[in-house]
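From first to last, the protein sequence lines stand for chains A and B. Take the position in the first sequence, starting the count at 1, then add 20; the result is the number in my numbering. Take the position in the second sequence, starting the count at 1, then add 1259; the result is the number in my numbering.
In case anyone wonders, no lab produced these hints; they're calculated from the structure. Glycine included, C-beta positions come from ideal geometry on N, C-alpha and C. Some hints could be false.
Said to hold, decoys possible - Computed, partial: chain B to chain A, Cβ under 7 angstroms: (1) Ile1263; (2) Asp1264; (3) Ile1266; (4) Pro1267; (5) Val1355.
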Amino acid sequence: MIKNLISNKSKQSKFKVGCIGLEFALEKIYLVQLKQSEHGNIRLQASAVFEYPNTRDEFLESSQDVKSIIKLAKKSEPFIGCKVVSNLPSNDVRLMSIAYQVENEGDEETALLKRVEDRLNDSLDGYVIDYLPVRGNIKSSDKLALVALARRDVVINYLELLRKAGLEVVALDISPSAIKRLIATLADQDQTDNVLTINFGRKKTYMILMSGRRLLLDMEIDFGETELLEKISNELDMDVNTIEKIVYEHGLYGSKVNSDGLILEVDEVADTLREILKPKFTKLADEINRSLIYTASETRGGTVKQVYLLGGLACWRGIDEMLNRMIDIPVTVPNYFTTIINDNVSKMQNYDIPIMGVATGLALRGMVDHV
Amino acid sequence: MSEIDLIPDDYRQYLMLKYWLKVLVLLVLMVLILVFSVKYIYSYKTKHIQDKIISLQQQKAINTRQSIELASIKEKKSELQLQWDLLSGLRSGAAVESMLKMIDRSLVGNDVWFTNWKFRRAGLLVDIKPEEVNTGYFIVIPKGESVSKGNKRQVQTNMTIKGQARDHAALSDFVQRLLRQPEVYDVKVLRTSLTRYSMISVVDFDVTVIVNTLVELG
Chain A
21 MIKNLISNKS
31 KQSKFKVGCI
41 GLEFALEKIY
51 LVQLKQSEHG
61 NIRLQASAVF
71 EYPNTRDEFL
81 ESSQDVKSII
91 KLAKKSEPFI
101 GCKVVSNLPS
111 NDVRLMSIAY
121 QVENEGDEET
131 ALLKRVEDRL
141 NDSLDGYVID
151 YLPVRGNIKS
161 SDKLALVALA
171 RRDVVINYLE
181 LLRKAGLEVV
191 ALDISPSAIK
201 RLIATLADQD
211 QTDNVLTINF
221 GRKKTYMILM
231 SGRRLLLDME
241 IDFGETELLE
251 KISNELDMDV
261 NTIEKIVYEH
271 GLYGSKVNSD
281 GLILEVDEVA
291 DTLREILKPK
301 FTKLADEINR
311 SLIYTASETR
321 GGTVKQVYLL
331 GGLACWRGID
341 EMLNRMIDIP
351 VTVPNYFTTI
361 INDNVSKMQN
371 YDIPIMGVAT
381 GLALRGMVDH
391 V
Chain B
1260 MSEIDLIPDD
1270 YRQYLMLKYW
1280 LKVLVLLVLM
1290 VLILVFSVKY
1300 IYSYKTKHIQ
1310 DKIISLQQQK
1320 AINTRQSIEL
1330 ASIKEKKSEL
1340 QLQWDLLSGL
1350 RSGAAVESML
1360 KMIDRSLVGN
1370 DVWFTNWKFR
1380 RAGLLVDIKP
1390 EEVNTGYFIV
1400 IPKGESVSKG
1410 NKRQVQTNMT
1420 IKGQARDHAA
1430 LSDFVQRLLR
1440 QPEVYDVKVL
1450 RTSLTRYSMI
1460 SVVDFDVTVI
1470 VNTLVELG
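Just chain A, same shape as in the assembly (with noise of 0.2 angstroms):
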């Protein structure tokens, strides 16, 4: 038993464990933390979901709730240490694609600044302010960045609730680099490649264009799981829970096909919720198409290769096939989980990996060296 120990001790102390990726998403908190073997591969450490027992502003109003389900994950799950990379609930960070130009040398930060300080209205001295370059030509005098923007009263109770709640803070990221970092890491795309991630929100969509393993855009639109639940309860006139059971049930795609394509068993419940969503699908499908412009736009002509969907919807089942047959694109839902960690996630349960993107990218942070 003894040298079993010893054993096991000896397999452990060849990964160096990560972070944990803290995600205080709307309705639930997602943290997950990963592994790295001494070769780089990367395996799932822990991994937990917790609801809230009330609302999420409510819960991050006390670091004494925060610290018990921090306790209660280390309890549940294999969670090691207190460092977290975490990032600002979404209505607490502004993201803005500022375009800049820069007349002399090391000006840059000047430039931008100022340009944010336009674009805002007001001073940026209560503000915290971090950036990345979008486009950063350096011949051209023209430059595009990402900014991230934050009322400092909000980053320091964020960060002080954290501290209080007994975590280290390594860094407060925001969710589009955390998906950027999981999707570079999962598609381990040629460097020139466009991708697209569409993260589904409860109550918004976030489109991140990824060129290479460059942040092109992070884009949020009025399109959520909520919209799309209130949709189908209104046409169909049945309650939003038993609506949101049917949809996980019988997805958008129910009907069985054969290798010839041909129909096996029509899933009339699916074609119908399909057909209920159309027009939804069919505006998400506008903004897609807005973004593969800016995206030809942005990178010479180029053309977006792939569509990754994280989030609530993407748990639906048949969104990539319906998206799919509406943009010319081929639409995935990937299985981070398998693809990149490889790891045994039966305690997982599927439907929360999708959701859990946010959170793995952030525990990426620091393990991937190309993001």
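Keeping the supplied structure of chain A fixed, place chain B upon it in accordance with the hints.
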């Protein structure tokens, strides 16, 4: 490639400062604990050593007192021993009968006669005087013999004999015979005088015979 991080630099510095302050406080605490521990151990050791010193001093005082007592006891013992020796000497001294016999052995013929005879045990111990050898002009002290003859002393036992001898030769012979007796330690001729009568002259003499009563001192 750079990454976005919204943690303000001053907040990081504040946390870092807090962390180092904590470390500093901890270090100070550790140093204080160490100093107090060392001080406590030192005082404990010092007290221990002082206790030991006091104990040794007490022991030394006891030893000194005991050695003084011992010396006093030894002194007492030697005194007692002396008295014991004296008593032994007195008890085991030459018997009167043997004295008479010894005198008798020394007398030859009728050339020496006694007019008065005293036998006295003084009850005092006296040092033995070195034996002198009379070689005429010089008195030679035999080689190798200590002046006091070691620890040997004798009980002063004297016989004072007053008498008359036919002549000096008879007296000398008598003295020589006395000296040859084992019971006799020494013979001192105190006085001689010639007394003339009408027909004859005799030698009056006073002789002290020191009886050999050697006492071994303990």
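Here is what the structure says about each hint:
1. Ile1263: Holds: closest Cβ of chain A sits about 5 angstroms from isoleucine 1263 (chain B), inside 7 angstroms.
2. Asp1264: holds, 5 angstroms
3. Ile1266: holds, 5 angstroms
4. Pro1267: holds, 5 angstroms
5. Val1355: Given a least distance of 106 angstroms, the restraint on valine 1355 (chain B) is violated.
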